[in-house]
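A.B. asks: Model the placement of chains U and P on the given structure of chain V, informed by the hints.
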Amino acid sequence: MISEMQTGIQIGIYLVMALSVFAALAAVNLPNIFHAALAFIGTLLGIAGIFISLRADFLALAHILIYVGAVMTLVIFAIMLTQRLSDPNVRQHNNLSAPAFLGGLAFLTLMAKLIYTTPWPVKAAGTVPHVSVMDLGQALMTTYVFPFEVISVVLISALLGAIVIAKKDPL
Amino acid sequence: MIIPLEHYLIFGAVLFTIGIYGILVRRNIIGILISIEMILNAVNVNLVAFSRSTSASPETGQIFAIFVIALAAAAAVVGLALVLALFRVRKTVLTDEITLLKW
Amino acid sequence: MIHYTPYIPLFPFIAFVINILFGRYVRKGAALISIAASLAACAVALPAIAYVVHHGAYSVQTEWLLLGKKTLSFGVLLDPLGCVLLFVVTLIGTLIQVYSAGYMHDDAHFSRFFAYVSLFMAAMLTLVIANNYLLFFMAWEVMGLCSYLLIGFWSEKNSAADAGRKAFLTTRVGDIGFFIGIMTLFAGAGTLNFADLGHAAHLMENTPLLTAAALLIFCGTVGKSAQFPLHVWLPDAMEGPTPVSALIHAATMVAAGVFLIARSFPLFEAAPDAMQTVAVIGTMTAFMAAFIALSATDIKKVLAYSTISQLGYMVAALGLGGFAAGTFHLMTHAFFKALLFLGAGSVIHGCHTQDLREMGGLFGKMKHTAATFVLASLAIAGVPPLSGFWSKDEILAAAYTAHNPVIYWTLALTALMTSFYMFRLVFMAFFGKPRNPKIHAHESPAVMTVPLWLLAIGAVLAGIPGSPFMHHWFQNFLAGGVHAGGHAAGHGSEHVIIPFVVATSLAAAFGGIISAWFLYLKNPGLPAIISRVFRPLYTASLNKLWFDEIYTILFIRPFGAMSRALYRIDEQVIDYLVNKTGLATARTSRIKGWIDKHIVDGLVNLTGWTVQLASALVRLLQTGYLQHYVLIAFLGTIVLFFIELRK
Numbered sequence: 016m017i018s019e020m021q022t023g024i025q026i027g028i029y030l031v032m033a034l035s036v037f038a039a040l041a042a043v044n045l046p047n048i049f050h051a052a053l054a055f056i057g058t059l060l061g062i063a064g065i066f067i068s069l070r071a072d073f074l075a076l077a078h079i080l081i082y083v084g085a086v087m088t089l090v091i092f093a094i095m096l097t098q099r100l101s102d103p104n105v106r107q108h109n110n111l112s113a114p115a116f117l118g119g120l121a122f123l124t125l126m127a128k129l130i131y132t133t134p135w136p137v138k139a140a141g142t143v144p145h146v147s148v149m150d151l152g153q154a155l156m157t158t159y160v161f162p163f164e165v166i167s168v169v170l171i172s173a174l175l176g177a178i179v180i181a182k183k184d185p186l
Numbered sequence: 207m208i209i210p211l212e213h214y215l216i217f218g219a220v221l222f223t224i225g226i227y228g229i230l231v232r233r234n235i236i237g238i239l240i241s242i243e244m245i246l247n248a249v250n251v252n253l254v255a256f257s258r259s260t261s262a263s264p265e266t267g268q269i270f271a272i273f274v275i276a277l278a279a280a281a282a283v284v285g286l287a288l289v290l291a292l293f294r295v296r297k298t299v300l301t302d303e304i305t306l307l308k309w
Numbered sequence: 002m003i004h005y006t007p008y009i010p011l012f013p014f015i016a017f018v019i020n021i022l023f024g025r026y027v028r029k030g031a032a033l034i035s036i037a038a039s040l041a042a043c044a045v046a047l048p049a050i051a052y053v054v055h056h057g058a059y060s061v062q063t064e065w066l067l068l069g070k071k072t073l074s075f076g077v078l079l080d081p082l083g084c085v086l087l088f089v090v091t092l093i094g095t096l097i098q099v100y101s102a103g104y105m106h107d108d109a110h111f112s113r114f115f116a117y118v119s120l121f122m123a124a125m126l127t128l129v130i131a132n133n134y135l136l137f138f139m140a141w142e143v144m145g146l147c148s149y150l151l152i153g154f155w156s157e158k159n160s161a162a163d164a165g166r167k168a169f170l171t172t173r174v175g176d177i178g179f180f181i182g183i184m185t186l187f188a189g190a191g192t193l194n195f196a197d198l199g200h201a202a203h204l205m206e207n208t209p210l211l212t213a214a215a216l217l218i219f220c221g222t223v224g225k226s227a228q229f230p231l232h233v234w235l236p237d238a239m240e241g242p243t244p245v246s247a248l249i250h251a252a253t254m255v256a257a258g259v260f261l262i263a264r265s266f267p268l269f270e271a272a273p274d275a276m277q278t279v280a281v282i283g284t285m286t287a288f289m290a291a292f293i294a295l296s297a298t299d300i301k302k303v304l305a306y307s308t309i310s311q312l313g314y315m316v317a318a319l320g321l322g323g324f325a326a327g328t329f330h331l332m333t334h335a336f337f338k339a340l341l342f343l344g345a346g347s348v349i350h351g352c353h354t355q356d357l358r359e360m361g362g363l364f365g366k367m368k369h370t371a372a373t374f375v376l377a378s379l380a381i382a383g384v385p386p387l388s389g390f391w392s393k394d395e396i397l398a399a400a401y402t403a404h405n406p407v408i409y410w411t412l413a414l415t416a417l418m419t420s421f422y423m424f425r426l427v428f429m430a431f432f433g434k435p436r437n438p439k440i441h442a443h444e445s446p447a448v449m450t451v452p453l454w455l456l457a458i459g460a461v462l463a464g465i466p467g468s469p470f471m472h473h474w475f476q477n478f479l480a481g482g483v484h485a486g487g488h489a490a491g492h493g494s495e496h497v498i499i500p501f502v503v504a505t506s507l508a509a510a511f512g513g514i515i516s517a518w519f520l521y522l523k524n525p526g527l528p529a530i531i532s533r534v535f536r537p538l539y540t541a542s543l544n545k546l547w548f549d550e551i552y553t554i555l556f557i558r559p560f561g562a563m564s565r566a567l568y569r570i571d572e573q574v575i576d577y578l579v580n581k582t583g584l585a586t587a588r589t590s591r592i593k594g595w596i597d598k599h600i601v602d603g604l605v606n607l608t609g610w611t612v613q614l615a616s617a618l619v620r621l622l623q624t625g626y627l628q629h630y631v632l633i634a635f636l637g638t639i640v641l642f643f644i645e646l647r648k
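Residue numbers (this note's numbering), protein chains in the order written: chain V, 16 to 186; chain U, 207 to 309; chain P, 2 to 648.
Extracted from the complex, chain V is given alone in its bound form:
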C-alpha cells in the first residue's frame, strides 16, 4: 500500500520533471518570445512542484510568488514594451545552435558522469528533519543575519539602479 503510493508519487515527480524539461525546451526554442515566456512560467511551476516533493513548502510558495508573480510579470512587460520584437517575423535564434547543442551535450554527459561517480554522503530516509518556516526564520535572523542584511541592501540598490537606468533623462 505504502509502496504503491510511493510508486505513484515517484511517477508523479518524474512526470513533473519531464514536463518541466519540456517547458524549458520550449522556453528556449519557441520563435515567439512571448510564448517562450509563458513556457518558462510552466517550468517555474514544475520546479515549485519539485520543491514540494523535497518538502520545502515555504520555498515553493515563495518561488511561485516571486518568479511567477513578480519576475515574469516584469519580463512580459518588457516584452510588450519592446513590441516590435515579439513580431514572429523577426528571427529569434542565431546560427550558434549546432556548437551550443554539441557543447551542451558534452557538458551534460560530463555532469552525468560526475553525478554518478561521486559518492554522495546521503543520509538514510527519515533521518533528515523537516524544515519548518519557523526554522528558516530563526536561521535567517541568527546564523544568516549578515547575508540577509546584505541582500536587502543589494535589493535596494538594484531597485534604485533600475530606476536610474530606465529613466528617460539621465540624472
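What the hints contain is simulated information worked out from the structure, not anything from laboratory work.
Some clues are possibly wrong.
Computed cross-link-like contacts, BS3-like style, restricted to lysine-lysine with a CA-CA straight-line distance of at most 27 Å [unchecked claim]: (1) V:K182 <-> U:K297; (2) P:K302 <-> P:K366; (3) V:K183 <-> U:K297; (4) P:K648 <-> V:K128; (5) P:K598 <-> P:K581; (6) P:K598 <-> P:K523; (7) P:K368 <-> P:K302; (8) P:K368 <-> P:K523; (9) P:K439 <-> P:K366.
C.D. replies: Coordinates of chains U and P only, in the frame set by chain V:
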C-alpha cells in the same frame, strides 16, 4: 527521499544545460534573461535537494535558495532596466545588432 | 672697535653698490655717499690703528679652503705696517674724494666715477688688512680693474681707452709673475699666511726655490708700482681724471707694490740674491724716471715720472734692507705726491691746459694752489724739516750703511734731479711771466682747496714721527711690528744720523732748487742752449728713453707678425684640415644614411608589419558579438572540466 538524489541532480543539470543553450542561441536579450533565470532555478533545485539528503543543518540549503531567488530578482530588475534603456537608444534588443565592441 | 677691522672695506663696497646700481637716482649724491663711506671707514680704522699702536698687532682668521692636507685661511692681519697703509689710504682717500666732488662736478658720469673710486677704496682696504697672499692677490686684481676703469674713464677719448688698456695689460705681465710666485711659495712653504712667512723663509733660507718665489712676487711689484721695465703704463695712466692720478697712481695703488715687498720682507731677507735684484731695479727705476722727468713738459707727466722715480726709491730702500726707510718714504710720499697731483689738477682746472710751456705767473692768480704746491715740492725735494727730507735721508742712510757706493751715488744724483725737475715745474708754472695771454687762470673752489691745505699739513708734518725729534718713533713702531710677526731683527743702525748722508741730501735738495732757479727764472734762455749742447741726452730724455718704441719693436711687432702668421696657418692649414674632415664626415654619413634607411629602417618596418599581421589575425576573435564570448567561455569550462577529471 522518495526518488534518489542523483535524479534530482540530473534534472538540475538538464535545466542548467538548457539554460546555457538558451543563452547561446537566443538573439533577444529578454530571451537570454529568461535563460539566466532558468540556470538559477536549476541551481536552486540542487541546493534544496542537497539540503534534504546530505546536509547536517537542513535549513542551510533552503536559506541559500532564498538568497538566490532574491539575487535573481535583483538581476532581472536591473537587466530589464538595461534592456529598456538600450531599446530607447538603439531601437533594438537583438545581440547581433549591438556588436559595438568589435574590432 | 678693533674687532670691526674686517668690516672696514665693507663701507666703501656698500657705497660702490649703491652708486653703481642707483647712480641714476642719487646723481650728485653719489659723492656724499662715497665720502660718507670713506669717513665711516676712517672712523673704524683710526681707533683700530690706535689699538695696534698700544697693544700690538691684531689678527683674526677662519678656515677657507682645504687643499689636500693644507688649509688656506682667510682673515685679517693688522700689524704696524698695515696700520701705516690703512692710515694713508683712509685719510688721503677721503680727502681726495672730497676734492673730486669739486673737480668732477660737471662730469656726465659723476656717480659712476664715485662708484669706481669706492670700489677701489674697498679693494685697497681689503689688501691692506689681508693676512694672506691669496686674499691680497684678489684685492690686488680688483684694484687693477679699478685702475683700468678709471684711467679709461673718459673712454670716448681714444687715448684714454688706449691708456687704460695699456695699463691693464702691462700690469698683467707682472701679476702673472706674482701669481706664479704665490703658487711657488705655497708649493715650497705650504702656507700663504704672512704670519707664517718668517718660519717658512727660515726653513727655505737661501734655496733657489725661495729666491725664485721672491723674484716672482717682485714681478707683481714691478707691474703695479711701475718699476723698470714695466713702468711704461704709468705716464699714460695720466689720461684718467686727475684725482684718480692722485689717489691711485700716486698715493695708494702704486704704493701697494712697495707694500707687497714690505709684507714679504722676511722672504726677501732670506734670499739675498732677490734682495740685490730689488735694490738694483729700484735704483735704476729711480734714476731713469727722474732723467725722463727733466724734459717733460706736461705737468702731469712730470709728476708721473716723479712718482715712478720715488717708487723706485722705496723699492731700492727695501732692497737695501731699509724696511722702515722704504715704508716711511711710502707714507710721506703718499701725502706730498697726492698733494702735488691735486695741485696739478687745480691748475688744470683753472687754466684748462696741461702744458707747462703755456703756464707761468700763476702764483698771483691761484694763491692757495701755488702755496700748497710749493710746500709739496719742497717736501719732495727733501728740504728740512718737511716730510720728504726725513724719509729720503733714511733711504740714503740705508744705502750708505749697505756699503754700496754705486747705488748710493745714483740715488743721491736722483735726489738732485728730483729737486731740479720739481722746481723747474714750479718756476715754469707759478713764477715768471704768463707765457700764453689767452689763459685766464682762476682759483679753484673751496671744496678743492681745503683738501689741498689738509694734505699740505700732512706733507709738512708726516716726517716728524720718523725724525730724531720723536726719537724715530715710526721706525721703532714698525720694527715692533716686524718682531710681532716673529721674524727679522730690527735695523738699529739706520736710526743714527749720519752727517755725511745729511750733507749729501741737503746738497742735492738745494743744488736742484738753485739750478732750477738759475735756469728757469734768472736766465730763461739757458735751457735751450744746454739742450742743444747735450743733444743726445736731451733727446733721450724727451723720448722717454724710447721705451715705448723699444717695446713696440721687441714685443708688439713680433707678436703682431706672429699672430698674423698663426692666422695664416689657421686659415690655410687648420681650416683645410677641418674642411677635409667635414667632407669625409659628410661622405661617411651618407653611407650610414643609406644603411639606416634601407637596412635598419627595413628591419624596423618588418617588425611592425609582423605585429600588424599577427594582430589582424587575432582581432578576428573580437567579434563584439556577445554570444561568441559566452560560447568560448562555456567550451573553455568544459575543456577545463575534462582536464580536471582526467587526473
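A.B. asks: In ascending order, which of the hints set out earlier in this document are inconsistent with the structure?
C.D. replies: Of the numbered hints, just 6 does not hold.
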